[in-house]
Amino acid sequence: MSNTNMPKWAELVVLPIVCLAVALAVAGVVVALIGQDPMEVLSFLIYGALGTARGVSYTLYYTTTFIFTGLAVAVAFHGGLFNIGGEGQAIMGGLGTGLVALWLSPYLPAWLLLPLMLVVGAAFGMLWAAVPGYLQAYRGSHVVITTIMFNFIASSVLVYLLVNHLRPVGTMSVESVPFEPSANLPRMHEALAWLGIEWPASPLNTSLFIALAAAVAVYLFLWRSKAGYNVRAVGSSASAAEYAGINAKRHIVLAMAVSGALAGMVGMNEIAGVSGKLLLEFVSGAGFTGIAVALMGRNHPVGIVFASLLFGALFQGGAEVAFEVKGFSRDMVVLMQGLVVLFSGAMIYVIAPWVAKPLNAVLNLFGAAHAKGA
Amino acid sequence: MDEVLIGNMLASSLRMATPLLFCALAGLLSERSGVIDIGLEGKMLFAAFAAGAAGAALGSTSLAVACAIGVSILLSWMHGLACVSYRGDQVVSGIAINIIAVGLTMVLGIAWFAQGGQTPPVSTEVRIQALWPQAQDAFANWPWLQAIVGEGLLSHNALVYLALALVPTTWWLLFKTRFGLRLRAVGENPHMVDAAGVSVHGLRYTALTLNGVLCGLAGSYLVLAQSAAFSSNMTAGRGFMALAALIFGRWHPVGAMWACLLFGFLDAAAIRMQGTALPLIGEVPVQAIQALPYVLTVVLLAGFIGKAVAPAAIGKPYVKER
Amino acid sequence: MDKASLPGHTTATAPTATVGSVAVGMHGIEKRFGAVRANQGVNLNVATATIHGIVGENGAGKSTLMSVLYGMYQADAGRIAINGAAATIHNADDAIALGIGMVHQHFMLVDTLSVLDNIMLGAEPHWLLSRADKATRGQLRDLMQRTGLHLDLDSLVRDLAVGDRQRLEIIKALHRGANILILDEPTAVLTPQETAQLFEVLRGLRARGTTLIIITHKLKEVMGLCDAVTVMRAGEVVADMPIAQATLEILAEAMVGRKVHIGRDGSVGVQDGAVLLQASGIGVQDALGVARLRQLDITLRAGEIVGVAGVSGNGQSELLDVLAGLLSPHSGELQVMAQTFNSAHWLDPKTARQLGIAHVPEDRHARALVMAFAAWESAVLGYGHLTSYTTGGWMHHSAMRTATRDMMEAFDVRPRNTELQSSHFSGGNQQKLVLSRELGQAPTILLVGQPTRGVDVGAIEFIYAQLRAMRDAGCAVLVVSSELDEILALASRVIVMNNGRVTGELAIDDCNETNLGLLMTAENV
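Protein sequence lines, in the order shown, are assigned to chains S, E and W.
Numbered per our numbering, the first sequence spans residues 930 to 1303.
Numbered per our numbering, the second sequence spans residues 11 to 332.
Numbered per our numbering, the third sequence spans residues 134 to 658.
Simulated from the structure, these hints should not be mistaken for laboratory data.
Misleading hints may appear alongside valid ones.
Using 27 Å as the maximum straight-line C-alpha spacing, the simulated DSSO-like pairs for lysine-lysine come out as follows [unchecked claim]: (1) S:Lys937 x E:Lys317; (2) S:Lys1155 x S:Lys1178; (3) S:Lys1178 x W:Lys267; (4) E:Lys186 x W:Lys267; (5) S:Lys1155 x W:Lys483; (6) E:Lys326 x S:Lys937; (7) S:Lys1178 x E:Lys186.
Take a look, some chain W residues computed to stay more than 12 Å from chain E by CB distance [unchecked claim]: (8) Met205; (9) Ala225; (10) Asp226; (11) Phe240; (12) Asp244; (13) Ala256; (14) Glu257; (15) Ser263; (16) Leu284; (17) Lys305; (18) Glu382; (19) Ser400; (20) Gln428; (21) Ala532.
Restraint-style ranges between C-beta atoms, simulated for each label pair [as the list claims (entries may be wrong)]: (22) S:Leu1149 x W:Ala477: 32 to 42 Å; (23) E:Trp152 x W:Asp287: 28 to 38 Å; (24) W:His518 x S:Ile946: 49 to 59 Å; (25) S:Val955 x W:Gly587: 39 to 49 Å; (26) S:Tyr1036 x W:Thr473: 26 to 36 Å.
The C-beta atom is built at its ideal place from N, Cα and C for all residues, glycine as well.
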């Protein structure tokens, strides 16, 4: 994103905050329109998300999934691609994780099984993204369309397997048998109890550390490795990458593969960490939230962690508001998410001039020199 | 084969294809003008909600349809503001519309009707009924005609016929009028159109407005003709299937129609096929049939069954160069 | 905005033209772009029903002048008179209303539509295409009859040859009522046969009373076709005469000007260094099938600077890209560093670098740097695989930063900020960084395109000194530049290109305005 007519730091920090503020304001208007008090809603939201230890835990549990999907979108963006397929890649990743758990959990100990589940989950997600990536690079098929199609195909695959093969005979609910304990990632409250700390029960589990490690890994990949440098060069200027002898096609596939692998790790949180069995709804729109997270976080791992936290807080806070306020539901959070995508993503050039003008006026007033070369 | 089954399938296919067709034609106009429309799903959903809410609250079919169309046009214009007037990313804007639609329809639905997101069912007067309910009986003495013509072709409501009629209309608009010529040109080479003295923005906004009308009709169909009430996420991915049909039909009205009919047929077949074994293949899982439209579109895009070439200037914001 | 113009006739508001009068009169035209004076006090008089040529090198100001006439730019000062009446031209619509039409170098056509549709668009006589079609077909039949320009109205543009596409543009302009037609480098993409056909058509149009202005650098064509010629150089008109008074030599000299030997330091490098690179029979075609390089041979020796002179767009860019491995020719052979390449298996940029070929691209923004990257990341572009920068897939940030700092020091890049985004450096400093990066790899062959484009005066001599130092160290340097002064200041020998071919080669001491100008515009060598 360039040509916003403001210094780089403003583009990275001030502009997203303004966009977020606009999204919040519009959401507030909607809240008022349906007869609620925006400030009351906001206070319930904040309390629900951060006011209790249990609330914080839930917030962090949601954050974990969003970190995975947000990182996925960001890596693809750096490669110049729009990966809308996070939803499908997360489904396939969870499927992979679940299948390994189902088949091997009676036989393998946790310390062998869990890493295997992680790797297979990532591999399934990687494959699901690499195919559209390959089609884009080598056959010119628009990655946006193919990833949308793959989302639906993934959904169908999951339903088919669950309904016809993995569901225990005779049961009505569409889910697999529960895994053996070795396939379960310890919950945070269990881990803390083991350390002697009392903590309320919640779905928050140790996959949070995997997510944070993934964020670090993405940073290292994109900014410390040669492959990452090449990916960013291809995404930023395909012509300069060509000049440098970088194989654009290969790196497009690589960017998508890494992206898909990240989305595929969602299963470690939702399946290995929470449900302990394979079920239908474990992604539920997280792939799309990942887009909002990546946009807010400006495609940088640090920004993404914070943006994931923001959306995690919104989700948890939204549940609290739904509980406390009549006529309210969690769909307000979905709306909020959509507004963030709208203002941080689509309308950014509409908002930018409104920020640039006063900002530049203020900066000129203080005689601050923009960092420009002589 | 059982003629009742064939008649049934024909009727179901047409009914399933109708919302797809409205949306596919909407997407066609927008994309031919150079603006990607990923937001078909969201617009159809919001229009359905508007139709359901207005239909229940105001008790009038025409007002319900008008509201649906109005809402959909507003969303299209918003897309235009971000992407045509300003240089926003067209894909991101479409996704934003989809997510906002899912959220806002539920928020408003719960707040206004307190039925868990559903709108109250619209009364039978408001519902769009079959045009010729006696059609089947007229063929009572000829079973095959009764099934295929009576049920298959003549048992539908006005919107189904409207959708089908819009195919030649869109074809005529696109290939036989001045506006259509300019629209096709602006999606391929907006600089040329600008140099010829025609407004690029004007063409694109007109296309988006028509797009809004058609998505509004799609949403109206879902609530007023098919189900009688809006329920959470009732579009269930049909907007994306319409996008797939548009691409599968290679951005041509007639192609899109055949694609929508095919996908509608697959949709209708999926439910009926459950439990029945086909010769040679055995029992086909319903999910495989459900996934088939999407698989076919990917295969087409990958270039394995011919080429699908999008309008050349699609997705790129038009900036005057000097 | 619909133009319901009457094709084939001048509109009511345009004054009538009679043979003998002045169709286009431009007086005192001034046009600046920032610090650059593209047009300075330009006077141009084009008589009605004549073919008038405007010649000059790139940057001479001829395209700017015609853009002013066609309303694409507004002149800062000066007057325009069309057929004797004062005219204000704010945009292309005004120009069209006055009967001026322009055929651009890069055609503005919609490939997927038919010839008829392309001509009609924007001026359809009726909203129903069937009626508009019929009416336009009738008018076009007459027009094609009268002008001798024939096209199949129903064929799709993408199936048309280049020459036919140009005819389409001409018919389009005539259909809008143009009786003053501007053609910008019309024969650049034509075969000799197509060129001959075009000339027939133009003569026919002249006989019908159309006034034609041709922008070109092809002097032989001017001599063969035009009634009068204006020569521009550095934004000014330096010669203006009826064709009877002109000769190739006079025009060539006027075009190139007396600028030989400025900036030379007297050194020429080594005469007979070892052959480092030899390319033969190189042929390149572009996407439209137009030949960009034809049977080109070139040899580079150690210790020399070879300057490639010629009007831009005659294959010089393609030559650089081919030698750097960015473009694969469809014919030809290359020998470099004891390795042979042919059209079936050509160089790629990575191999080129491994062979010691460094490339400073013409297009700095798109090629030489990643504009969004910080300087220290752009500074390793193309060399990221070197062990000093990368081991085991991990890049050494401190080594990269140190290297960048050294590069900046060596070439005085300002500000000395390795963290600054590449796009925020001035053009001159960007170029210095690129040069520092490429020269710092101690290449054996250095390919440079437009070395000082956008570079401030103070840095130019520094860059020249660096290139000479490379030459003296035994490197073979190939410099492509649209600035003839630059070529003459640096080169040991000069290769002149026109129309994808090498038209001639001169030792630096043998160069003068005339023979260079002639070679730059020579055809069919």
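Hint check:
About 42 Å separates the Cα atoms of S:Lys937 and E:Lys317, which puts this hinted pair outside 27 Å; it is violated. As the CA atoms of S:Lys1155 and S:Lys1178 are separated by approximately 16 Å, the hinted pair is consistent with the 27 Å bound. With a C-alpha separation of about 48 Å, the suggested pairing of S:Lys1178 with W:Lys267 is violated against the 27 Å cut-off. For the proposed pair E:Lys186 and W:Lys267, the alpha carbon gap of about 12 Å is at most 27 Å, so the pair holds.
A C-alpha spacing of about 15 Å is found between S:Lys1155 and W:Lys483, which places the hinted pair at or below 27 Å, so the restraint holds. For the given pair, E:Lys326 sits about 24 Å from S:Lys937 by alpha-carbon distance, which is consistent with the 27 Å threshold. Straight-line distance between C-alpha atoms of S:Lys1178 and E:Lys186 comes to about 41 Å, which puts the hinted pair past the 27 Å bound. Consistency note on W:Met205: stated as away from chain E, yet its beta-carbon is not over 12 Å from all of that chain's, at 7 Å minimum.
Here W:Ala225 does not stay apart from chain E, with its beta-carbon only about 7 Å from theirs, under the 12 Å limit. Against the 12 Å criterion, W:Asp226 falls within the reach of chain E, whose nearest CB is about 6 Å from its own CB. Against chain E, the non-interface label of W:Phe240 is violated: not every CB pair exceeds 12 Å, the least being about 9 Å. For W:Asp244, the shortest C-beta to C-beta distance to chain E comes to about 7 Å, within the 12 Å cut-off, and the non-interface label is violated.
With a cut of 12 Å on Cβ distances, W:Ala256 falls inside the contact zone with chain E, its closest approach being about 7 Å. Annotated as non-interface, W:Glu257 brings its C-beta within 12 Å of a C-beta of chain E; the closest such distance is 5 Å. Its closest Cβ contact with chain E, about 6 Å, brings W:Ser263 to no more than 12 Å, contrary to its assignment away from the interface. Look at W:Leu284: its CB is around 17 Å from the nearest CB on chain E, clear of 12 Å, so calling it non-interface holds up.
Listed as outside the interface, W:Lys305 is inconsistent with that label: its C-beta sits roughly 9 Å from the nearest C-beta of chain E, within the 12 Å cut-off. At roughly 38 Å from the closest C-beta of chain E, the C-beta of W:Glu382 stays outside 12 Å, upholding its exclusion from the interface. Once the 12 Å rule is applied to beta carbons, W:Ser400 is consistent with being away from chain E; the minimum gap is 43 Å. Separation of W:Gln428 from chain E is adequate, the least Cβ-Cβ distance of about 34 Å exceeding the 12 Å criterion.
Residue-level check passed: W:Ala532 sits 37 Å from the nearest beta carbon of chain E, beyond 12 Å. For the pair S:Leu1149 and W:Ala477, the supplied restraint of 32 to 42 Å holds, since their beta-carbon distance comes to about 41 Å. At roughly 47 Å, the beta-carbon separation of E:Trp152 and W:Asp287 lies outside the given 28 to 38 Å, and the hint is violated. Between W:His518 and S:Ile946 the CB atoms are about 40 Å apart, so this pair departs from the stated range of 49 to 59 Å.
In this structure, S:Val955 and W:Gly587 meet the distance hint of 39 to 49 Å, their C-beta atoms being roughly 45 Å apart. Separated by about 59 Å at the C-beta atoms, S:Tyr1036 and W:Thr473 break the suggested range of 26 to 36 Å.
The earlier numbered hints that this structure contradicts are 1, 3, 7, 8, 9, 10, 11, 12, 13, 14, 15, 17, 23, 24 and 26.
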